[in-house]
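There are 2 protein chains.
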Amino acid sequence: MPSKKIDIDRWLDKLKRIEEKVERLALLSHLSQILNSTLDHKEIRRRAMEAATQLMRAEVGSLLLVDEENQRLYFEVALGDREEEIKTIPLHFGEGIAGWVAQHGRPLIVNSPEKDRRFFKGVDERTEFKTRNVICVPVKTKKKIIGVLEAINKKGKKGFDKEDLSLLISLADQVAIALDNSRLYQELEEMFFQTTDSLADAIEQRDPYTGGHTQRVTLYSQAIAKYLRLKPSERKWLKITSVLHDVGKIGIEDYILRKPARLTTKEFDTIKHHSNIGAKIIEHIRQLKEIVPGVKYHHEQINGKGYPDGLKGKEIPLLAKIIAVADTYDAMTTDRPYRKAMQKKAAVEELKRCSGKQLDREVVKAFIRAHQNGEI
Amino acid sequence: MPSKKIDIDRWLDKLKRIEEKVERLALLSHLSQILNSTLDHKEIRRRAMEAATQLMRAEVGSLLLVDEENQRLYFEVALGDREEEIKTIPLHFGEGIAGWVAQHGRPLIVNSPEKDRRFFKGVDERTEFKTRNVICVPVKTKKKIIGVLEAINKKGKKGFDKEDLSLLISLADQVAIALDNSRLYQELEEMFFQTTDSLADAIEQRDPYTGGHTQRVTLYSQAIAKYLRLKPSERKWLKITSVLHDVGKIGIEDYILRKPARLTTKEFDTIKHHSNIGAKIIEHIRQLKEIVPGVKYHHEQINGKGYPDGLKGKEIPLLAKIIAVADTYDAMTTDRPYRKAMQKKAAVEELKRCSGKQLDREVVKAFIRAHQNGEI
Numbered sequence: 001m002p003s004k005k006i007d008i009d010r011w012l013d014k015l016k017r018i019e020e021k022v023e024r025l026a027l028l029s030h031l032s033q034i035l036n037s038t039l040d041h042k043e044i045r046r047r048a049m050e051a052a053t054q055l056m057r058a059e060v061g062s063l064l065l066v067d068e069e070n071q072r073l074y075f076e077v078a079l080g081d082r083e084e085e086i087k088t089i090p091l092h093f094g095e096g097i098a099g100w101v102a103q104h105g106r107p108l109i110v111n112s113p114e115k116d117r118r119f120f121k122g123v124d125e126r127t128e129f130k131t132r133n134v135i136c137v138p139v140k141t142k143k144k145i146i147g148v149l150e151a152i153n154k155k156g157k158k159g160f161d162k163e164d165l166s167l168l169i170s171l172a173d174q175v176a177i178a179l180d181n182s183r184l185y186q187e188l189e190e191m192f193f194q195t196t197d198s199l200a201d202a203i204e205q206r207d208p209y210t211g212g213h214t215q216r217v218t219l220y221s222q223a224i225a226k227y228l229r230l231k232p233s234e235r236k237w238l239k240i241t242s243v244l245h246d247v248g249k250i251g252i253e254d255y256i257l258r259k260p261a262r263l264t265t266k267e268f269d270t271i272k273h274h275s276n277i278g279a280k281i282i283e284h285i286r287q288l289k290e291i292v293p294g295v296k297y298h299h300e301q302i303n304g305k306g307y308p309d310g311l312k313g314k315e316i317p318l319l320a321k322i323i324a325v326a327d328t329y330d331a332m333t334t335d336r337p338y339r340k341a342m343q344k345k346a347a348v349e350e351l352k353r354c355s356g357k358q359l360d361r362e363v364v365k366a367f368i369r370a371h372q373n374g375e376i
Numbered sequence: 001m002p003s004k005k006i007d008i009d010r011w012l013d014k015l016k017r018i019e020e021k022v023e024r025l026a027l028l029s030h031l032s033q034i035l036n037s038t039l040d041h042k043e044i045r046r047r048a049m050e051a052a053t054q055l056m057r058a059e060v061g062s063l064l065l066v067d068e069e070n071q072r073l074y075f076e077v078a079l080g081d082r083e084e085e086i087k088t089i090p091l092h093f094g095e096g097i098a099g100w101v102a103q104h105g106r107p108l109i110v111n112s113p114e115k116d117r118r119f120f121k122g123v124d125e126r127t128e129f130k131t132r133n134v135i136c137v138p139v140k141t142k143k144k145i146i147g148v149l150e151a152i153n154k155k156g157k158k159g160f161d162k163e164d165l166s167l168l169i170s171l172a173d174q175v176a177i178a179l180d181n182s183r184l185y186q187e188l189e190e191m192f193f194q195t196t197d198s199l200a201d202a203i204e205q206r207d208p209y210t211g212g213h214t215q216r217v218t219l220y221s222q223a224i225a226k227y228l229r230l231k232p233s234e235r236k237w238l239k240i241t242s243v244l245h246d247v248g249k250i251g252i253e254d255y256i257l258r259k260p261a262r263l264t265t266k267e268f269d270t271i272k273h274h275s276n277i278g279a280k281i282i283e284h285i286r287q288l289k290e291i292v293p294g295v296k297y298h299h300e301q302i303n304g305k306g307y308p309d310g311l312k313g314k315e316i317p318l319l320a321k322i323i324a325v326a327d328t329y330d331a332m333t334t335d336r337p338y339r340k341a342m343q344k345k346a347a348v349e350e351l352k353r354c355s356g357k358q359l360d361r362e363v364v365k366a367f368i369r370a371h372q373n374g375e376i
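Top line first, the protein sequences correspond to chains A and B.
Numbered as in the numbering used here, the first sequence ends at 376 without a single skipped number.
Numbered as in the numbering used here, the second sequence ends at 376 without a single skipped number.
Some clues are possibly wrong.
[As the list claims (entries may be wrong)] Simulated restraints on C-beta separations: (1) B:Arg10 / A:Ser233: 53 to 63 Å; (2) B:Lys236 / A:Lys305: 41 to 51 Å; (3) B:Glu20 / A:Lys140: 28 to 38 Å; (4) A:Gln287 / B:Lys236: 17 to 27 Å.
[Stated by the list, open to error] Simulated pairs of lysine-lysine, PhoX-like, Cα-Cα distance not exceeding 20 Å: (5) A:Lys21 / B:Lys21; (6) B:Lys21 / B:Lys157; (7) A:Lys21 / B:Lys157; (8) B:Lys14 / A:Lys14; (9) B:Lys21 / A:Lys16; (10) A:Lys16 / B:Lys16; (11) A:Lys340 / A:Lys259; (12) A:Lys140 / A:Lys42; (13) A:Lys158 / A:Lys16; (14) A:Lys14 / B:Lys16; (15) A:Lys16 / B:Lys226; (16) B:Lys162 / B:Lys14; (17) B:Lys239 / A:Lys21; (18) A:Lys14 / B:Lys21; (19) A:Lys236 / A:Lys42; (20) B:Lys226 / B:Lys239.
Bear in mind the hints are in silico, worked out from the structure with no lab data behind them.
C-beta: ideal position from N, C-alpha, C; glycine also.
Using the sequences and the hints, build the whole thing.
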C-alpha cells in the first residue's frame, strides 16, 4: 500500500514542521520577555539584534532606526556568534533593502540579493561580509515606522520563508513596543533633569556672580565620578545632588547673596545655613532621600573645620566630598566682585595643596586625572 | 491492518493537539504585545486578567497583587464575557489558593476545590460564583513575588492541565515585566512632581503669606479640570502648570515679596513681571513647552485688563484661565498682612460676580460645580 505510506510520510513531515513551529513560538515568547525586561534603549537595541539572529537562525541580525531629522537610518549590526563586534554604520534613507522597507513599511524576503536592484553592496564592502539572503521587516509603533529589523544569511542551505517572515513580524512588533516604552521613560527622565536644573538655575540667578555654577559643578562631579569608577546608579544620584546642592540658597536673603563685596563674619554665618536649608527642602521629597547627605554635607572638610556639623574624614559621605571638590574648583575659577578668577592651573595647584586637609585625597586625584585628560 | 490504523489515529490526535498548541502560543505572543503596549498600571492589570481568561479558556481570570505593608492580597476579578463587572476584594495573606501560591511562590492546579483544604469559600460566597476548578501561578519579578495570576472554571468538561500551566507561567512572567516597567515609570513621574513641587514651594516660601499656595492652586485646578472634562494628558499639563505658575517670583526682590502691607503702584508693577519671568524660565525646558502659555498668561483677564499682554476672551489659553480662577479663589480665602481671609461662601459669590468680566464663565461654572460637590 504505497499510497498509505506516502500519507504517513507526509504526516510525519507535517508533524516535524509543526513541532518546530512550537519550538520557535516558545523561543519568540522567551525573546520578547528578555526584550521587555529593560527600559534601557541601548540594551533593547542589542537584545533586538540578538533575538532576530537567534529566531531567524541567521548569521547576522541588525536593527536600523529611522533618524527623521537627518533622513538617515542609524544602522547597528550584531555579528551572530561574534556578538562583541557590533558596528555602527549610517545609511541614507531609501538606500538598500532596509531603506526600501523603511520607506514602504512593507516586509521583504530577498533570497538572491545579487539579482535585486534594491540590494546595496556598500555594507558588504565595508564589513567584508557576503550577503546570501536577507529578511527584513518594518518596526512600527501606533503612529509611525521607527526602524527596520533584519536578519542576513539563514544557516543551512535554504533561504528565508513565509514562516520566518511571520515570526520576524511578531518580534518586530515586540521590539517597537519595548523601544517605545524606553523612549517614554527616557523623555520623562530628561524632563525631570531639565526642570530641576532650570529651577536650580533660577534659584542661583539671584546671585549674579554664580551664573552657570550648577551646570559646571554637575559637569565636574560627573568627570570625577568617571575616574572614581562609580556605578551608573551612583552617578545618577550624584548628578541630582550636583543639580540641587545649592537649593538652600533660596532661604538666604537678597542683600547677602547679592552683596558686591566680601561678607562679614555674621553674614557668612547666615550663608552657612544654606546647606541645612537645602537638606530640609530635599528631605520632603520621598524619592530623593539618597541625596540628602550630599546636599547637607557638601561644605564639610576632611580636617573637621567645615560646616554644618564639623564632620571629619570618613564621616563625610562620598557624594558630599565629590561636590566639595567640584564646588571649590568652580569658586576659584570664576570672578567675584572683590577678586578676579584664578587661572585653571593655579586652581589645580590649590586643590593639590588642600588635598587631605580640606578635601578628600582620592577625589582630588580623580579630579586631576579628569583635568589631565581634558575632561575638565 | 488495525495496528496501522491505531498509529494513524494517534498521529492525527497528536497533530491536532500540537496544532492547538501553536494556536495558543501565537495567542500568548499576541497577548503579551497587548500587555506591554501601555505603561498605565491599572490598564496592565485589566489586560492581564483578560489575557488569563482568554489564554486559559476560562470563565474568569483574576490578578492579585501583594500589598506588603498591610500583609494583604489586593484582589481584582474580571468576569469573562461580563468584563465590565470587575470587582475588588481584599484578601488576607495566605488565605485561599491564591494566598498559598503567593506565600510559597509555586504554581498550583486544583481541579476539585471542594476537596482542597487551601480553597477559601469566602470569595464564592461574596461573588455568588461556583468555582469548579482553579489554575494559579505566582507573578515574580527578579527580586520578589509581586502577585498571583489565576483563572477559574475552564470551559468544557476537562479541568486545567500541564499545558495550561506552562502557558500561564509564561503569561505571568510577561505580566511581571509589564507591571515592573509601569512601576518604574510611575516612580519617576512621582519623583518629577514631588521635586518640582518642593522647589516651587521653596521659591514661594520666601513670601510667608502664601504658604501652601502652589498645592492649593493645583488641587483647585484639577477639580475644575474634572468638571470641564479635560483629557488625562491635558490634566497632566495643567498639573505641571499649576505647580510652576508662580516660579517667576524667584526674580522678585525680597522686600516686595515680603512687604507686610499693601504694595505701591510701582511695587505692583514690579510684581507683574513674575509671569513673564516664569515663562522665560520654563521656555528653556524643552519638554515643558506646552505649559509656557499657562504660566505666562495666568494673570490675563477676559475683559483685557490683565497682564502681561492684555489679552482678551478667547485669546487667553484655557489652562491660563483655569489657573486664574484657582489663583483668585486662593488669594481671597487666605490671610494677608493687611486683611483677613474672606469666607469661602463670599469668595464663591465674588467669583460669580467676576464671571465673564475678569474670569472665564465656563471655568467659573466648573469651579462652582466642584465646590457644590465638596471637592473644593
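**Message:** Taking the earlier hints as the rules, which of them does this structure contradict?
**Reply:** 7, 15, 17
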